[in-house]
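All chains, please: the whole structure from these sequences, using the hints.
Line by line, the protein sequences give chains A and B.
Oh and the first sequence: position 263 is 263 in my numbering, straight run, nothing missing.
Oh and the second sequence: position 111 is 1111 in my numbering, straight run, nothing missing.
The hints are simulated quantities; they were obtained by calculation from the structure and are not laboratory data.
The reader is advised that the hints may include incorrect statements.
[Stated by the list, open to error] Computed footprint of chain B on chain A, listed as stretches where at least three residues anywhere in the stretch have a Cβ under 8 Å from a Cβ of chain B:
1) 177–188
2) 245–251
[Said to hold, decoys possible] Here are a few chain B residues that face chain A, going by a calculated C-beta distance under 8 Å:
3) Ala1071
4) Leu1075
5) Gly1090
6) Pro1094
From the three backbone atoms N, C-alpha and C, an ideal C-beta is built for every residue, glycine too.
Each chain is listed here by its residues.
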Amino acid sequence: MLCTSRRLPCPHMVVLVQDTQKTQFTQKVLTLLPCLLLCLAITTNMLVGPSSDDTTVQSILFDLRLQRTLAAALAGAALASAGVLIQGLFRNVLASPSVIGVTAGAMLGGQTILLAGLFCAGGWLGGPQLGLSTELLVPLGCVGGGLLTLFALLSIAGRVGTITILLVGVMLTALLGALGALATSLALSGWELARTMLAFTLGGVDATGSKEVQMAAPLIVCALVAGWVWSRNLDIMVVGEEEAAALGCDIKRTRFWCVVYAALLCAGAVSLAGGLSFVGLVIPHILRLVVGSKHRPLFFQSALGGAAFVVACDVACRSIPTDTTLPLGVLTALFGAPFLIVLLVRQHREMTL
Amino acid sequence: MSILHAEHISIAKGGDGQQPYIMPCSLTLEQATCLCLLGPNGAGKSTLIKGLLGLYPLLTGTIQIEGHDLAERSLRERARIMAYVPQKSGLTFPLLVEEVVAQGRYPHMAPWDKLTTEDYTIIENSLQACDITNLRKRPFTALSSGEQQRVLIARALTTQAKIIILDEPAAGLDVRHCLGIVQVLKRLCEQGRTVIAAMHDLELTATLADSVCLLKGGACVGLGSATETLQADSLSHLYETDICRRESWSFTENAFQDIREQH
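Rendered as structure tokens:
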């Protein structure tokens, strides 16, 4: 017995354990990086802008900034972590939450509510009578639109393979995008409405109030926690469905819940900040290069990194002096796309060297 | 008691298919033996393998592992009993070799568990058994197909399954790598694991197999010990080509010795 235990590959095992400790150490350092960036971005966002000597005015300013910072952080975290779920599920690092159609559905839901305001001018779909204000109805429309799209997606593609879900999602995105464009063109009849609609479509947290944050925050936080729990199964799902099933992973349940949580995250993000492009694609992609492909750490880091990125973009939005407000969605894409291109070129160069 | 006993099983291909692709057949396998499945392309080797693994539904019949019905077990329990080595992995993410091998611990872990020292010992032993300790830090996607096959076998070992089922493990490999794989599989049998492998190469099959199952058009046309089934007339009938055994370029018993020394 002693003899066999001596023959156990102890030296190698120690190496592996040491390795793991080393990677764990690097992991910890890297964990701090998005976290630090997030703190930095939040602090900057709270401080940038006009200030006043009057403490009451100052506290109101702080309050307003806190709300938009929270909204931006939640939307960024939601989109980036939804990106991790979708990329892992479809085994494609270039997939993004918008491919399942839920983003387009949530946008259309919000746009429909805005448009309905035109036809029921002053009535807002009976909102005031029910005690619901505009600022609550639009996010509700987003979540409703997102969930309806998700329901359509699952009922069309729920019983078939992952690739079909992807195709149906792309088709739904095209269909709902066209309807969204129709809604925008209908909105052109009223100047004020057209402005609101455009601002919503381009994405931003200027109009996001405390009620919207209070409503979306529980949804996003719950979906984040649940998504994090399920994301470990994606480590197994990346090998392909049959292999994953042979390794004991329940692929149907994993697929279902990952799509559901990604959709909830998308709908929540759209309800807070409208259409923010590129966050769900770029952030997981960048962090995968840093953190590695394990989905739980990647999910956690992406949530932090996404939040930091969108808050930082909001800082830029507010500090770049222009005549009009810069749309947040434009900035996320402006910063995100070139950054990803540089990373991809560098990665390619390293691989060929 | 036999480790695997399949009674009168017929298997449908794909998820909802009702048409049996594998006609009713029965198999019995003793522990620490190797069963090879032979047959032309499309004969149903892969379908039978996936049926045994529970990935394709059984239309009739039952599969018993050590006397217990497989249908009563959960996916995770099955994965702890039977491990699957695909012909080619669908993995496209650049996971490291040791991460791929560590996936074999998944059926043993609860959602909150982390890999323990014991898990690392098991992973380490599997890496050694497949002679891939030196590849552990390489990305799986950067390996040659022979090396990938070894990694997949190591992952199957990490599940500690008693039965290891391989779909054409030697497909597309050169002579030396084929021999390497066969050597690993023979060693597994010696250590008490049971191996089921779909094969194309007759010479390798003769080296590896204790028993052989001949499949043609979804039906089992021959089942028995390697010497009984690997006969010129039955193989000619199986492949509808004249096959005979004659002296030709081939590897010798010394080849195994050479490979062992190189490692």
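We went through each hint and held it up to the structure:
| no. | hint | verdict |
| --- | --- | --- |
| 1 | 177–188 | violated (count 0) |
| 2 | 245–251 | holds (count 6) |
| 3 | Ala1071 | violated, 15 Å |
| 4 | Leu1075 | holds, 5 Å |
| 5 | Gly1090 | holds, 2 Å |
| 6 | Pro1094 | holds, 7 Å |
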